[in-house]
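Student: Single-letter residue listing:
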Amino acid sequence: MSRWFTIRAELSPGRRRFLGVLAFLLPLALWSLFSYVPWLWHPMVKITEPAGVSWIKPGQLLPREDFDKLVEKQRAASAVALPAGTPANPIYFPPPHAVGRALYTAFTTAPVLKGDKWLHESLWTSIRTIFWGFLISSAIGVPVGILCGAYATASRVTEPFVDFVRYMPAPAFGALMVAILGIHLEPKIAIIVIGTFFQQVLVVANTVRKVDNGLIEAAQTLGAKPRNLIWRVLVPASLPDLYNDLRILLGWAWTYLIVAEVVGVSSGITFFINQQAKYRNFDNVYAAIIIIGVIGFATDQALAWFGQRMFAWKNPRPSRFRAFMGRLFGGRDVLLFPDKPQPASKA
Amino acid sequence: MSSTPSSYPLPDYRDQSPAVAARFARIKERPVVLEVDKLGRQFAGEHGPVTALRDISFQVRRREFVCVIGPSGCGKSTLIRILAGLDEPTSGRMLVDGRESHGPSPERGMVFQGYTLFPWLTVKRNVMFGLEMAGKAANEAGPEAHQWIDLVGLGKFADSYPHQLSGGMKQRVAIARALAPNPRVLLMDEPFGALDAQTRAQMQSHLLEIWRNVDVTILFITHDLDEAILLADRILVLKANPGEVQEIIEVPVPRPRSLDQLQSPEFQATRRRLDELIHPKVHAPTERLPIVRLTQAGDDVE
Chain P
1 MSRWFTIRAE LSPGRRRFLG VLAFLLPLAL WSLFSYVPWL WHPMVKITEP AGVSWIKPGQ
61 LLPREDFDKL VEKQRAASAV ALPAGTPANP IYFPPPHAVG RALYTAFTTA PVLKGDKWLH
121 ESLWTSIRTI FWGFLISSAI GVPVGILCGA YATASRVTEP FVDFVRYMPA PAFGALMVAI
181 LGIHLEPKIA IIVIGTFFQQ VLVVANTVRK VDNGLIEAAQ TLGAKPRNLI WRVLVPASLP
241 DLYNDLRILL GWAWTYLIVA EVVGVSSGIT FFINQQAKYR NFDNVYAAII IIGVIGFATD
301 QALAWFGQRM FAWKNPRPSR FRAFMGRLFG GRDVLLFPDK PQPASKA
Chain R
1001 MSSTPSSYPL PDYRDQSPAV AARFARIKER PVVLEVDKLG RQFAGEHGPV TALRDISFQV
1061 RRREFVCVIG PSGCGKSTLI RILAGLDEPT SGRMLVDGRE SHGPSPERGM VFQGYTLFPW
1121 LTVKRNVMFG LEMAGKAANE AGPEAHQWID LVGLGKFADS YPHQLSGGMK QRVAIARALA
1181 PNPRVLLMDE PFGALDAQTR AQMQSHLLEI WRNVDVTILF ITHDLDEAIL LADRILVLKA
1241 NPGEVQEIIE VPVPRPRSLD QLQSPEFQAT RRRLDELIHP KVHAPTERLP IVRLTQAGDD
1301 VE
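Going down the list, the sequences are from chains P and R. Using the working numbering, you'd call the opening residue of the first sequence number 1 and step up by one each time. Using the working numbering, you'd call the opening residue of the second sequence number 1001 and step up by one each time.
Simulated from the structure, these hints should not be mistaken for lab results. Watch out, some of these pointers could steer you wrong.
Said to hold, decoys possible - Pairwise CB distance ranges (calculated):
hint, chain 1, residue 1, chain 2, residue 2, range
1, R, E1287, P, I7, 35 to 45 Å
2, P, P160, R, T1090, 26 to 36 Å
3, P, D163, R, T1090, 49 to 59 Å
From a predicted model like this one, the values you see are computed outputs, not experimental measurements. For every residue, glycine included, the Cβ atom is placed at its ideal position computed from N, Cα and C.
So here's chain R without its partners, still in its complex pose (with noise of 0.2 Å):
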């Protein structure tokens, strides 16, 4: 992913094909599911009080996907924790279809970073959590808890303990365990940072596909640019001290997705204009690290 000469003519981020154009047309006339009300988070720090937040505004229609991006410690972590209803805000509301919310719900799907799977639970019995804290029985939420396992393809493992399970597999059934109780928001913290290329791959070719045949609104937070590129509808980029919304990008790179549109112009300018927000050129001049040679004259290594 060298970056892209200066010299290519890359279009404008917010040139949207009549197609991609249409698309987010159609988004907007669909309800708002989640909605964001000048939400400000303060933490007590040493010296007065910390703003991580502040004002943070924004509406995810139903069946979404958005992505939050930011610098860190720019409070996304914060943010999604308080959508979670793990975190209070200090100020500013969050409504859910239209609904004012309060801590922890299952309407608010999480999946962590760090999986978070019971250990002493079967990939089933995980997935059979959610269903039964919302009271159905057994026999019930057995053959449906199957569904979601079967949906994320991890049917042989249904009886298996997380740790038999690799890092891919068991975020597959964090998934599975956070959709069972159908969630009308599905949050994600950075639930692929932890894996290896490859696997985060195709994680995110299995999260498209799931989020194809759910009803599901998903918000999903990265660090990764092409990451958020490549899943996102919309891209919420965040800026540092405090935490505030810099720019809502619609991504102007057609759907379905994949992987081979990484060098496609749309998501080249996209990925210039992040790059430019997230990474700004003022502190171009790198410094130089005050080392002194330790090796023999000539023996160079480029």
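The shape of chain P in the complex, shown without the other chains (with noise of 0.2 Å):
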């Protein structure tokens, strides 16, 4: 019992994954709470029978104390049936079946508007709109990042600069985007280029500062130049480290995403998301929400997974992945005795 709470040490497998899951179901629960339990929290109340009051009818949220009054008043006009409701909460809390079913509905229900987008075109849009911001940024930034780590002259003569952009906020370049790029999907891209490309240079130069000096001076030993020292030494070595850079940035250019989508005609997933809200459709929108969590949290798994396995040299903790690997292979680890012959690869 007592190792569930040893300070640094590891938990077995089993109790990861149980922890991992009770991460999740956890705020489910609170969630469930508040919504279905009468007594908790609940400040409206929703009218079922309005009992001849002209001003109310059935299914309509009213807040308590507006309705306690309301059925005060009435008493004492001596009124022969009170109206009578449910303990309620407000709209903008959908319960968790609620929101559970317009993840559903929400990709089957067609858009109010003509001309407006499905759920699903919202969602490519926005992902396209990341993946096309992400990419310039990163074809630029890593470059630029990679030569300010290896050259002290080019980190003096970028980073002030670029430290000093970081500060200004990416949204504030909207209206200067929206003139200079127009409307539609390129003023956006360009926000989040300029949220992600100043973190990514100063993240990535940092990480490759960080390479081991020996090895540098190992390979200049063994007669490598600066140009093999960058693409042989300081790329390779620094490569795991900058992936996972990468990976942490993509999730920034995620939360830079929504306040990209509004500038100029608001598209994508936030265009979903405003519109739902517009029409009260409170269910859809934390259903929208938690898409874009899902769709972030699953690139992020995926790419932390196919991290691990392309830099096994980093890792050499064994992983389930290699276990299983390893027992398909008569009972060897592989990539730890990859130059044994392995009896089963021949099947």
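Mind docking these for me? Both chains are given alone in their own frames, and the hints should help you get the complex.
Tutor: Okay, here's the thing in structure tokens:
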């Protein structure tokens, strides 16, 4: 039991999995509690019986105080029947099952206005925006960052200015980008580029600077020229960390997406969310936010999974995947003994 | 390795048996590969310049094995870094085969204490690195790298990654990698310092074996006096503050060397001389620590 709370001790895989599931179940349980237990919170009353009061109708939500006042008033007026209602939560707090249903129906419901986009089309627009923004930013930011990490001159001539621009919030460039690039996808991509690029240069430069100097000296004594040092030492040595940097920066790009998409003509998932909020379909709003989370989380997990396999030399810890492959190939850890021919691989 | 009783009559460390003397005579006929001429290095310190090395001069002849020892802070690491081209001297010069040499170059291979293997490359690709830098194609460099890996006895591990190897194996890969581009001089900076005693002894005999079979001149830095005597033809003793050559000792222990010679009179005589140079008797009155007794009376451990 004490193993749950030993400082800096690793947990067993079973416990790690259990806690990982718990991390999602706890907020869900809390949400359910406030949604389904009538005496928890529920600050509104949902009218079931107007009892002759003209300005309320069944299904309407009233704040509890107003409802209580109304009942008092009716009682004082010695009305035949009193209005009745059940405790309810505000419309912006839909219960889990409604959001769960919306996760499905949001995809199957046609847009209210003709010409508006379906949810999946909105999502696709968002993903395209992110993709291009992040690709353009990385195509310039990563090489610049590597140069800054390699040469002090490049670093000193670039980084102070980059540091300066970094503090300007990317959305501040919104109006400017619309003026330059028009109102469609281009200014949105530009904002993601602005939001990501400057961070990227600094993060990549720092990662490259962290490469063990001993490796560079070793390469030099083996005859490596400066060009070789970058391509054959700095880049491969920092590649796993660069990969992780990009993973984290991709997460930042998602946060810029929402502000970027309201620039010019609102588009993508943000347009969908705003539109649904306008119609007060808050279950759809939650569903869309959750979908963003799922896409981001899934992408990140997938990238992490690939990263661990791509950079096996950086992760000597035997993974479950490798153990599984090991069992498959005759009870040996494949990556640990790659020089030995694996008998099962012939099959 | 308890110090020899002073009553035991040791020969003078300068006495050489005829065989050893003949060997040194033969070495002196060989061409000079590495010449260090009045080399000096100053660093900018807080209170003006600090001299790390001053007027270091010596010559190393072809296929000679020279060890450099000295107290900590004598600048041995600075010296070998300058020789490797990783640091610039502030005065003096260094010549390889009679030509003045600057900057890092594959003619001066280096083995570092921290292995510095490229962790993303397999053993074979690590050894191929220097060959590829010399412009050799992969189909030529591959078989050549294999020869070097076999030489250090790691043929079975050619496709392993460095993190899968023990410390001694890593250092053997580092030696193979440094030797592959055929350097004139192999510089070794306390290469076995991080290894346990048993592995270290193994590595020492491995290194002698490699040196016997490869046309290479070795300059080896260590702080282990026995290691220096066991390996070296000559030992360059540095002194600290500033780092200067104190003495160059011709080791009188006959070759081939082995750990059995540790108790031989020549070995012990050399060892005693090194002890005198490195740990001079000046500091002999040992300070007693001002410790208050914290155990019960009568509860004594010695």
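Student: Next, verify each hint and record whether it holds.
Tutor: How the hints compare with the structure:
1. R:E1287 - P:I7: 35 to 45 Å: Since the Cβ atoms of E1287 (chain R) and I7 (chain P) sit about 39 Å apart, the hinted range of 35 to 45 Å holds.
2. P:P160 - R:T1090: 26 to 36 Å: holds (32 Å)
3. P:D163 - R:T1090: 49 to 59 Å: violated (36 Å)
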